[in-house]
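Asker: So you can see what is in the structure, the chains are spelled out below.
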Amino acid sequence: MKEELQELYTYRELLYMMMYRDIKVRYKQSVIGFLWAILMPTLIVLAGVVVRFGFAVTSGKHLETAEIASVAVKSVPWAFLVSSIRFSCNSLTGNVGLVTKIYFPKEIFPLGAILANFFDLCVASVALAVLLFVLRIGWSLELLWIPLLLLVLVLLATGIGMLVSAASLFFRDVKYIVDVGLTFGIFFTPVFYDVGMFGDKGKWLLLNPAAPILEGFTTCITRHQGPDFYWLAYSFAFAIATVLGGYVFFKHLEPAFAESI
Amino acid sequence: MSDIVLRMEHVYKMFRKGEVFNSLRDLIPALTGKMFRRQELSESDKREFWALQDLSFEVRRGEAFGIIGHNGAGKSTALKILSRIMKPTKGNIIVDGRLSALIEVTAGFHQDLTGRENIFLYGTIMGMRRREIASKLDDIIAFSGLEDFIDTPVKRYSSGMYARLGFSVAAHVQPDVMIVDEVLSVGDYMFQKKCVERMKEEIRNGAAVVFVSHNLKDIAAFCSSCLLLERGRTVISGPTQEVLSNYLKRFRTIGAGDLDRSPVTISKVTVRNEDGECLRFQSGERAWIDVELRAHSRCTKLSLSVYITNSTNEGIFDTSTERLGHGNFTLDAGDVYHVTFELTLNLANGIFHPSILVYRYDTQTAYDRWEPAAAIYVSSETDVRGSAHCFPKVIQQTIRTASDSELALGAECSLGPDLAPQGSPS
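Quick note, the sequences are listed as chains A and B, same order. The numbers in the working numbering rise by one with no breaks, and the one at position 123 of the first sequence is 128. The numbers in the working numbering rise by one with no breaks, and the one at position 39 of the second sequence is 43.
Some hints could be false.
A few chain B positions that, by computed beta-carbon distances, are all more than 10 Å from chain A [what the hints assert, rightly or not]:
(1) Q57
(2) S87
(3) S241
(4) F345
(5) A370
(6) E385
(7) F395
Here are the computed lysine-lysine pairs in the DSSO-like style, where the Cα-Cα straight-line distance is at most 30 Å [as the list claims (entries may be wrong)]:
(8) K198(B) to K140(B)
(9) K256(A) to K305(B)
(10) K7(A) to K94(B)
(11) K206(A) to K66(A)
(12) K305(B) to K94(B)
(13) K221(B) to K204(B)
(14) K159(B) to K221(B)
(15) K253(B) to K272(B)
(16) K29(A) to K94(B)
(17) K7(A) to K91(B)
(18) K180(A) to K91(B)
(19) K140(B) to K29(A)
(20) K221(B) to K198(B)
(21) K66(A) to K208(A)
(22) K305(B) to K272(B)
(23) K204(B) to K33(A)
(24) K253(B) to K221(B)
(25) K198(B) to K397(B)
(26) K159(B) to K180(A)
(27) K256(A) to K7(A)
(28) K33(A) to K140(B)
(29) K256(A) to K159(B)
(30) K397(B) to K221(B)
(31) K397(B) to K204(B)
(32) K272(B) to K221(B)
(33) K94(B) to K140(B)
Note that these hints are calculated values from the structure, not bench results. Ideal placement from N, C-alpha and C gives every residue a C-beta, glycine not left out.
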């Protein structure tokens, strides 16, 4: 594995160019590129506001700004996770010419897709920061948790991305399964709701490795508290296991890529 | 540092024929089916196909090595294994240094990016650093001859421009091993020539080139040694001249019609020059073709035709005993007929296939046909292209300034707006 990682390192400039290509193509018309980056998070926030409004009406309360902020804070990383997985899933099958013709470490495709989506995440975060300022959420030292949370998030996306990209090369319907999974994943992940609403049963929801990350973002950004350390450690361990598993799986199948397309 | 930069050691490649599952929808029922009916499926799993068997060769620094073979001989598989896209089933490949493959030079382009951006993208795909590309950028653009269009998205390029840009990047990678797969067939003649010059320069600078082609003519012009593949196996490998002779000889056994029923069959065809049997000629040299026929029962009004096809299977020459004024002939059972044709080979550089046909003209019956009866290699001193050699010479060449009246006439005769060249570059 050491040699393979070294090879990936020698091709780091290609990874940069792949990311640049994806971003450049998407942002060629700058307005559309920017809208693309915030389109999905915005829609998720709007859907979340509707759901939260429903909760508030049934429980006879008013919809608080902190709740809107919480949905907004969680939808940006969720949108990143969803589009990273979706883009990396198609990254190999969409570049058949390169996969079958020229040799280089093929994990560059899913990794490039994830990096390009990370760029979108950064753009969307600027928009989110403006929204949080308008909603007067304020700041605290707990914001220092954000880099760690982002790291866990990116690791998780990378692991899943490598697994699904290689799998979708061999089985063309993996793409549809992933699509269905991502569409309904939002109901099993605390984006619209908070884990706290489920009381003791909330811990079952936290078994979803994305849940402690998203909960961590809201806790430290909107509630100015530290995230639940043990659950975050669980997500971290899960993400690292996925990256290692995904990488080994990808590299194991890589020699057969050109034959099975 | 060793002199050998590329070494293939007993490489085997096996493919599995039969059912390939490329969706879970097909795989899951098949797997559950397999659990219940184990034997039936395992039969189809065993259909193996060896695309390459025991391929070994080595290429030294500054050497051009050719791989020839017909379609399906295993060239593409050998190429994919060389460029590390596929792993061999058995055997080893050792590459010492940077390897670049000019397999399909435009696979790395992105439609929406400009020519300049694609140079960087494709260059990094080929393993170059961005700084390295930036320092060679002017050379690459100049080589492609696309200075005016370099900031245009490549989706507006013609296919010729596409190929030129791709090759220009690939030509500047400066690899230790360069794999070339008939890419020279793209682009116009001038660009091809530029590419060949560039490859020769790389070889002089110590790169090794592996050239894969089904066209022996290109291999002979370029490679000092080569290897002939047939159905995944090495037929012969060694100096190009030896392989070439062997390749030409292999054609002699091909042919023969329906021997049992035909009343007359071709028994022997020999191509020779003054000194005897020969398959390699100079343009303009004379060749003799001896043909022997055997009659098994009485045949009347026979004629014998000799025709030549070029390497792309176009008929370029055709004649017969009858058309040469010798009328037709009659053979009785047991007769042996012999004829010698004398041909002047006004042919350009390349491989040609003489073929022989025995027929009866009035009933349009073909009795026997050897196609091809042989393969001959013609080489020419002068650089002419095509099939025929007209032995051209430039007799006079002058340049003068056009007079005013000629200019005025030229303006009048100029093409209308819809016929004028659109300035589209390709």
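Asker: Hint by hint, work out which the structure violates, then give me just those numbers in ascending order.
Answerer: Checked against the structure, the hints that fail are numbers 2, 9, 12, 14, 16, 23, 29 and 33, while the rest are satisfied.
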